[in-house]
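Asker: Two chains, two separate frames, one set of hints: put the complex together.
Quick mapping for you: the protein sequence lines, in order, are chains A and B.
Read in order, the letters of the first sequence are residues 0 to 225 in numbering that gives the first Met the number 0.
Read in order, the letters of the second sequence are residues 0 to 227 in numbering that gives the first Met the number 0.
Quick caveat, the hints were computed from the structure, so don't treat them as lab data.
By construction, the Cβ of each residue, glycine as well, lies at the ideal position given by its N, Cα and C atoms.
Hints are supplied without guarantee of correctness; some may be wrong.
[Said to hold, decoys possible] Stretches of chain A that chain B covers, calculated by requiring three or more beta carbons in the stretch to come under 8 angstroms of a beta carbon on chain B:
1) 112-120
2) 212-223
[Said to hold, decoys possible] The following residues of chain A were derived to be distant from chain B, with all beta-carbon distances above 12 angstroms:
3) G8
4) Q45
5) N54
6) I130
7) D135
8) V186
9) D193
10) K194
11) K202
Here is what each chain is made of, one letter per residue.
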Amino acid sequence: MAANFVKTGKKIIGIGRNYHAHIAEMKSATSVEPWFFLKPTTSYLQNGGTVEIPNGVDMHHEVELGVVIGRGGKNISSEMAMSHVAGYALGIDMTARNYQAQVKAKSLPWTSPKGFDTFCPISSFVPKEKIENPHDLTLWIEINGVTKQRGTTADMIFSIPRLIEHCSSIMTLEEGDLILTGTPSGVSSIVHGDKIVAGLETKAGEELARWEGDAADRQGGYSFSS
Amino acid sequence: MASFARHGKKIVAIGRNYAEHVKELSNAMPPEPFFFTKPTTSYVASGGVVLIPPGIDAHHEVELGLVIGKGGRDIPQANAQAHIAGYALAVDMTARNLQNQVKKKGLPWSAAKGFDTFTPIGPFIEKTSSIDPQNLALVLSINGETKQSGLTSDMIFRIPRLIEHISSIMTLEEGDLVLTGTPSGVGPVKPGDKVECTLAIPSGPVLSKLFFSVAKREGGFYTFTPEK
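In isolation and in its complexed conformation, chain B is listed as follows (with noise of 0.2 angstroms):
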């Protein structure tokens, strides 16, 4: 499972999950839970370069990924721990401007949220009993500068709620990631920035680990160009 970055064919990202952060971007609190697909195209791991592309607001998202051990669907809630293998610290990069102008017309998110290095991803972190996904903070900074800062506890639709809902639409299967949503704090990152995130047990030991540093994306051709 240490190598689901390597063989998982898909991340599914949960839209909505902490009121602090559906406040922020004045959004609406969501009846249930939502999802978006990032390609795996898009991991980045640790150590990595977030590449932003011309015109393009990025913006970082913290979040507590799981890595999917068992596959199934329409997995109840009760059975949702046991298809879980374990976690993984992740960041969902993401275009803020393009993703409000396609939100305005309605239509998907996908290049919004799949552009190339737009999710960095920590190392594979088994689950064990003493680690209650629950209960994880988690910390986002950039020059050394706190950004974000949440507690899993804070999740609107807990992880049983989100495994039942995703595999109620689409099968899951080993090596999927599933990112569980961000806390507040979202902002953007600029070219030279150095982002630093942890994933810890609250009062307890960092589980958890995860550097970038953001640069330009250069010789590409794509261009974000607002439209009117």
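Excised from the complex, chain A in its bound form (with noise of 0.2 angstroms):
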């Protein structure tokens, strides 16, 4: 069932560079067409949890809206995206930025900055009906009170339809995957201690999806080295 998908789902996909604000502050170049990196779903941490942030890691959070997938599919083609889609879930696409930066310069797989244990923080199912546009939805992160990132899903470059159209015209959609469908600006570092709290809002305020958490130094483990 679509509203287990965190016990259920087999796969993460994390659309790259989907707010223009973001790519700006990353200085990074914008796309023609969407692209993804996968993260594994041992990566995902249910409300309440602590981000375990990996030895030599410099830890930033990308808050996201999630999209799960109820009916799967291949070569879903845009109008027929949303039938697809079983509801949302508010999710933290959290990265390990000197890991990150080390092997886009190395051209090597994005896997490990994006896929460590806990680094998916995900909240609980919203079922579709709950949200009636979900590309006018409001998106904020808190770390120790503070807001960092505050952005609407309007701003996505690639809508909803079209990241699924792009999806399932490479791989296969099962129900209970997860997309999280891109960021908007004022990623920052967390450290060990910070509290951290997510929200989801319709424009009105109304409150959709909640993470709250914290976030602490992983013992053991890899260690990161530039």
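Answerer: This is the structure we're talking about:
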């Protein structure tokens, strides 16, 4: 069942560079078509959890609207795309920013910088019926009570139907898959002891989903060095 | 465990783990293992068809796969064997031209490695004391002509090191597949090709055979267009 996607889903697709202001802050380039990376489902961290900061990693938050697939398919057209959606969730695409910079410079995969355990805090499932227009929602994240990111999904460069069409033209989408649709500007570092609160709201300010937790240095595990 | 391809949630593939393969693609030797993931939707069972999307130059990369039987994280090398349920012969099909393009831009490898049918997979081979995974022969031939022929003893990073490295970053789960790298001899496949792979004990019995044919992918939205 799609509502149980955190337990049953097999993939998390992360869309890159889907908000102009984020592209500008990262001094990156825009693309003519969407592109993505994968995060393993072992990175999910449910509400109330502690994000683990790997040794040597400069960890950044990226708050995102997640789209949960209800009906799988491949080569799904934009016109049919929304009928494949079961609902939504608020996600944070945690990223090992210094590790990511290193792999980008060496033309290596993004898998590890994006794929650490706990690197996908995820709210509970929001059924499709609760959201009239997913392209008009407010996303925000606060670290220690200070707002770091606050944006609107109206600023997405590629819309949800276009993203579903693009991803499904490459890989079959399955029930329980999650698509993280990109992050607005304001990404910043999270350090040991930080308190993290993120929210998804309607334009009118009605809260649809929330994630609260904190961050701590990971004991053991991989050690990053530049 | 025989149904790992149906129930498993991820395929973790090690890059550049055979010296001759590193050289043939003019790549740099890695100081530590690195990996990418392929979605499980890319599996195609032996006897199936690998579909090449329009504009894509698809390369074969035959590999020994490890099937995880017991999950874990931060698995020390000494415990690695206990987490492996068995093996499978696999091919890490790669959209080479797309991969070259994303490498130039420092972008993810996920699409280049992740197309549907881009992981031909043989049946599950149960772990037994007569199989030393660090001493197996991998062969891939196209239309009867051998293209890749290597020994898993040539792996740069050994199996316990791979399990330790991956699990220090992401938890491994029962049903996960770890692809351990490909020997030299990678090259393109084209529509109409018949590909056969074997995994064998050197000068001994064949443990697995994997067959697939190749065809053009029809009717999808995706077309690769090279960027200037």
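Asker: All hints, please: hold or fail.
Answerer: Now the hints, each set against the structure:
1. 112-120: Per the Cβ count (3), the hint holds.
2. 212-223: Since 3 is at least three, the answer is holds.
3. G8: 8 angstroms, violated
4. Q45: 15 angstroms, holds
5. N54: The claim is violated: N54 of chain A sits with its nearest Cβ about 10 angstroms from chain B, within 12 angstroms.
6. I130: At roughly 26 angstroms from the nearest Cβ of chain B, I130 of chain A sits farther out than 12 angstroms, so the non-interface label holds.
7. D135: 26 angstroms, holds
8. V186: Since the minimum Cβ distance to chain B is about 17 angstroms, V186 of chain A lies beyond 12 angstroms and the statement holds.
9. D193: 21 angstroms, holds
10. K194: The assertion about K194 of chain A holds, with a minimum of 25 angstroms to chain B.
11. K202: 32 angstroms, holds
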